[in-house]
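Hey, can you work out the whole structure from these sequences and the hints?
Going down the list, the protein sequences come from chains A and B. Under the numbering used here, the first residue of the first sequence is numbered 17, with each subsequent residue one higher. Under the numbering used here, the first residue of the second sequence is numbered 1478, with each subsequent residue one higher.
Errors might be hidden in some of the hints.
[What the hints assert, rightly or not] Pairs of lysine-lysine residues, derived as DSS-like cross-links and limited to a Cα-Cα distance of at most 25 Å, are as follows:
#, chain 1, residue 1, chain 2, residue 2
1, A, K113, B, K1692
2, B, K1630, B, K1602
3, A, K139, A, K100
4, A, K136, A, K178
5, A, K213, B, K1619
6, A, K124, A, K113
7, A, K113, A, K100
8, B, K1628, B, K1602
9, A, K109, B, K1692
10, A, K213, B, K1602
11, B, K1588, B, K1602
12, A, K139, A, K124
13, A, K213, B, K1620
14, A, K113, A, K101
15, A, K109, A, K124
[Said to hold, decoys possible] Derived list of chain B stretches under chain A, where covered just means 3 residues or more per stretch with a C-beta under 8 Å from a C-beta of chain A:
#, segment
16, 1609-1623
17, 1692-1699
Quick caveat, the hints were computed from the structure, so don't treat them as lab data. Everything numeric in this text was worked out from a predicted model, so none of it was measured. Note that CB positions come from ideal geometry on N, CA and C, so glycine has one too.
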Amino acid sequence: MTEIKTDTEMVHPELAAIEVDGTERSDILMKGALAAGAIFGLGAVSPFVKGAMGAGGSKGDVEILNYALTLEYLESAFYAEALKKAGLSGELKELVKTISTDEDAHVKALTQTIRDLGGKPVKAPKVEFPYSDTAGFTALAETIENVGVSAYNGAAPMISSKEVLEAAGSIVQVEARHAAAIALQNGNQPAPDAFDKTMTQAQVLKAVQPFLVS
Amino acid sequence: MPVRQEQRQEQEEQEEQGKQQGFGRSGVSRRQLMSMAGGSVALGAFLAACGDDSDSDSNPAMSGSSGQSGSTGSSMSDDSTAQFGEGDIGIMNYALTLEYLETAFYDDVAKSGLFKGADLETIRKFGSQEAEHVAALTAAVKKAGGKPAPKPKTEFPLNNAQQVLRLASTVENLGAAAYLGQAARIQSPEVLAAALSIHSVEGRHAAALNTLLGKTPVPDGPFAQPAPAAMVLNAVQPFIVS
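Printed below as a string of structure tokens:
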């Protein structure tokens, strides 16, 4: 289901509508394609662009998006560091590269959506991760991905914009997929429960507190 | 542009086909098709309907949503769940139908003798989780004052382990996309929370099966793509015999 090559035409009108009103659409097509496509592929931005377009994103939605952005920053830093320090090789390294790319794309998309909604994206938190070997890294990765799933699932019902909700759903499914793939690497159940648990923002912040350096 | 037109045409043809046959009312023709062509046709139909990750030019889910200019997205204008009931009840009954199908699938696979050891355990585990989804959705539909959708009669091509795993992967990826396609249509925050907690489990199943097959756990990349109900129902139709 790689849509990146084929859905440029679907994405373009939306980009045009958001970025500049009254500009030649063909200009926007190029601008949008270059800017977004260069970063993470056009298909990736579509749910977020739709969210911005809906203009239904409330102040609450921006807060939730910033909360999600904080977690994505944390994940992004975690995997970027691991690719340098966790002694990864082979299949695991390939998986971590993929996950790292996904988390980076989530950071970019959330940042853009917050801006599109008129909000101010939070800054990347300073982080540190307590592991000393590959097994320590993969164990921590499983925890972090599961927290991510629970965080999105917990916050999503509070999102007021349907478009932002759909985008959050699109991300949480990917986080769940990461969690499952990492669990398999650890020899654990990829889907431990029939229903993924939700966590409140307070629970999530407590869970990630050990990784935040102030 | 020609590519897009083809996709749209394909989608329209699929929708037309779906209308003519009606969900769950095409037992005879489907059964004939199954016995004539075996599993490969069913799987082929699945892949044609869903888009395979090796074939980036075939994605009706995307072309479906882009087919109407002015549409705000695939899930917003997707009212194929109405045949199962109004609003959230229709959406839950649609999900229930898919969960019944998944449960039956894993049940058949577990009994097929094609799998042993850890693989069989995974299949049983996933199957029991789908059964829990069935129970939860049934209860939720009743709680909302609706009548739970009946369990469909199903039939799956179970020829060899590899083909079954591919089918399982396709079913789970489709299931995850199906939930994602409904999320923004759900009215009740409670129902939404429940649907989301199932949705991510379907995503986990899909990723695990992809991994078993040596495929990427994230076939859509960083952002999972939704599938509208019409497309999903069309795709599962080969497995519904009555």
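Exercise. Quickly compare the C-alpha distance for K113/A and K100/A to 25 Å and report which way the hint goes.
Key: 11 Å, holds
Practice problem: Assess, step by step, whether the Cα of K1628/B is no farther than 25 Å from the Cα of K1602/B, and give holds or violated. | Solution: OK: K1628/B and K1602/B at ~20 Å, within 25 Å.
Self-check item: Satisfaction of hint between K1602/B and K1630/B, Cα-Cα up to 25 Å
Solution: 22 Å, holds
Self-check item: Straight-line alpha-carbon gap K139/A to K100/A, limit 25 Å
Solution: 23 Å, holds
Quiz item: Does the alpha-carbon distance linking K109/A and K124/A stay inside the 25 Å limit?
Solution: 23 Å, holds
Quiz item: Counting residues of the segment 1692-1699 of chain B whose CB is closer than 8 Å to a CB in chain A, do you get three or more?
Solution: holds (count 7)
Self-check item: Given hint K1692/B paired with K109/A - CA-CA distance at most 25 Å
Solution: 15 Å, holds
Practice problem: Sort out whether K1602/B lies within 25 Å of K213/A, counting only the CA atoms. | Solution: 17 Å, holds
Practice problem: Below or equal to 25 Å on CA atoms is what counts here, so check K113/A against K1692/B. | Solution: Between K113/A and K1692/B the Cα gap is close to 15 Å, so the pair holds against 25 Å.
Quiz prompt | Claimed coverage, the segment 1609-1623 of chain B by chain A - three or more beta carbons nearer than 8 Å | solution = holds (count 3)
Exercise. Quickly compare the C-alpha distance for K1588/B and K1602/B to 25 Å and report which way the hint goes.
Key: 14 Å, holds
Practice problem: Measure nothing beyond the straight line between the CA atoms of K113/A and K101/A; if it is 25 Å or shorter, mark the hint as holding. | Solution: Holds, at about 13 Å.
Of the numbered hints given earlier, the model fails none.
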